[in-house]
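> Using the hints, position chain R with the ligands against chain U.
Number of protein chains: 2
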Amino acid sequence: MKVVVTGAAGFLGSRLADELLLNGLEKTKVTELILTDVQTPPARQDPRVTALALNLTEPTAADKLIDEKCGVVFHLAAVVSGQAEADFEFGMKANLDATRSLLEAVRHKAPTAKFVFASSVAVFGGDFPPVIDDLTCVMPQTSYGTAKAMCELLVNDYSRRGFADGRAVRLPTVSVRAGVANAAVTSFASGIIREPLNGKESICPVKKEQELWLTSPETVVKNIIHAAVVDASALGKWRAINLPGLCASVGDMVSALRSEAGDDVVSLIRFKYDEFIAKIVTSLPIRIDNSRALKLGFSVDPNFSAIVRSYMKYDLKK
Amino acid sequence: MKVVVTGAAGFLGSRLADELLLNGLEKTKVTELILTDVQTPPARQDPRVTALALNLTEPTAADKLIDEKCGVVFHLAAVVSGQAEADFEFGMKANLDATRSLLEAVRHKAPTAKFVFASSVAVFGGDFPPVIDDLTCVMPQTSYGTAKAMCELLVNDYSRRGFADGRAVRLPTVSVRAGVANAAVTSFASGIIREPLNGKESICPVKKEQELWLTSPETVVKNIIHAAVVDASALGKWRAINLPGLCASVGDMVSALRSEAGDDVVSLIRFKYDEFIAKIVTSLPIRIDNSRALKLGFSVDPNFSAIVRSYMKYDLKK
Ligand SMILES: NC(=O)c1ccc[n+]([C@@H]2O[C@H](COP(=O)([O-])OP(=O)(O)OC[C@H]3O[C@@H](n4cnc5c(N)ncnc54)[C@H](O)[C@@H]3O)[C@@H](O)[C@H]2O)c1
Ligand SMILES: NC(=O)c1ccc[n+]([C@@H]2O[C@H](COP(=O)([O-])OP(=O)(O)OC[C@H]3O[C@@H](n4cnc5c(N)ncnc54)[C@H](O)[C@@H]3O)[C@@H](O)[C@H]2O)c1
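Protein chains in written order, with full-length UniProt numbering: chain U, 1 to 318; chain R, 1 to 318.
Isolated chain U, as found in the complex (with noise of 0.2 Å):
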């Protein structure tokens, strides 16, 4: 099966290229994998790989990169929210014009491949139900939230129509990321925890009080893959999924922090409240019913400290 990746140098994309390459989609072998970014995503010592450069706000961009080959397209490439609102054009244009250009791609020369879009929990937000379930409505209260439920109805409506076969999965916010901080509003709630496990000050924009609705990067990309797998008679009348995830407040993250690492890992911590950042996080779901998605077989964590305890094993530098 060929395999495209966007957003393959990102964080979650660079995972999934390494899921892929090992354990392929499930049942089916990966047999080539074509990885893109802006910049070329680093190389990697497979021969099913070739690494792209390509700017997918470019008009010739989606053209390039499928073909009649392509099987599954991975579509992760995305402006995050604290850019995407910083700068309403150029988020629009990453996170809304680059999907529909591929869309149109696939559509024209692979309208079979099951075509993966990143969507974000993002997509709800303003008002909600205290347990958000498959019919709650979107509401998104940033400009990556909004592009993100534009991008669904998309891909719903090429599938509708057989000009894709379409699933966007709603990720909840990935903790623990690792590597360096990003401009994601909820970066945050990988920093509390990565930084000061390695040695470092972290900044709590938020009150110890706000709840998160998060999933671990091991499992979200095991979902990401298990998209591309399930049935698409499952999924009804509706091609969007609200991945399983866990809620905790920050002071949960911080007592599995503690419980796994200890007081002075935590006393690296501050609180530093930033209205900017709040405001947008608490306008973000909390709680979201999981059992269409597990039904559906996808995967959730059993809890944070498991979280904490598989950044330590799988993503510590010592």
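Quick caveat, the hints were computed from the structure, so don't treat them as lab data.
Which copy is meant is left open, so a pair is good if it fits within one copy or across any two.
DSS-like, lysine-lysine: derived pairs with alpha carbons at most 25 Å apart:
#: 1; residue 1: K237; residue 2: K207
#: 2; residue 1: K93; residue 2: K64
#: 3; residue 1: K279; residue 2: K237
#: 4; residue 1: K109; residue 2: K93
Just chain R with the ligands now, with coordinates in the frame of chain U:
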């Protein structure tokens, strides 16, 4: 107040223009009225009116239409559902891209203008609860509904960012549409009343039991105007409003026609099931909670008989 109406040669656009010239925007007078459509809207004997032929899918059209003095833009221009389903590109250009261009022009020239966008109950579909409320998700089953839902998201984000003061009104199916049939899949909802009253046969492509969510043209035009007047702060975090409607089955509609116009008129209705139309119509919502809209001051028709009487009184050419 300078007011712009797009789709002004259309059914609702021309009624809206008449009403604006006659009664203004509730308490505000209309001092200048720009009416535009692909072809020049019919001339009106009123010095306040300028009629413009503009295809809104052309790159310069929005810029020609919007200037700094615009106080309200009523954006009604659209390609109807049947046509957008038959020609995907054409529909997306007219229904999505043209709206985006207009919003951009408003943003750069008249960001405080009210932007009233004619959306549709066709944003709903697929799965929904027995009674739709303000937190029910959209799940369009047509490309027309998809584009409308995408535009609602833009209207919201532009409003949230202060780029425009948007209001997206979800119109129920309008019946009785005067004049001739159009390519909307719900065209029969007017046809089965209008044609028999004009002595012509009419084909009903759905079952008698099929229920619909309906509004009269008078009420919906009044509500479209009210959308420009309602206080932004009363709208909260979401600028899409389910306009009030009433639920009637085709059987109810036929009974209302019988009691207002008699058996001979009703005998001109023929039932001939059309699977393509029926499939889309059964995906449309039939019951929506009116309470938020009524609280915001929008109006509702008392019953379908009143709608038939109003058509007979004002529109029926004898
Ligand atoms: N990490 C999270 O918490 C989270 C949560 C919800 C959704 N998501 C979504 O998952 C996806 C991956 O997230 P991530 O954390 O790996 O983000 P990331 O920022 O690490 O990676 C995104 C990649 O997309 C690339 N990109 C951006 N614009 C591009 C363009 N015009 N052309 C080509 N490439 C472009 C960037 O260069 C970057 O390498 C994104 O779509 C993101 O919105 C992530
Ligand atoms: N009538 C209904 O039952 C109903 C229900 C829900 C929503 N709506 C919405 O209300 C609005 C008005 O509906 P209507 O029944 O008067 O429709 P209509 O078809 O009578 O009028 C629409 C007008 O838009 C114009 N138009 C289309 N593409 C254009 C373009 N590219 N540039 C400029 N003008 C363009 C058409 O020429 C037409 O005159 C539409 O947005 C429609 O989607 C109507």
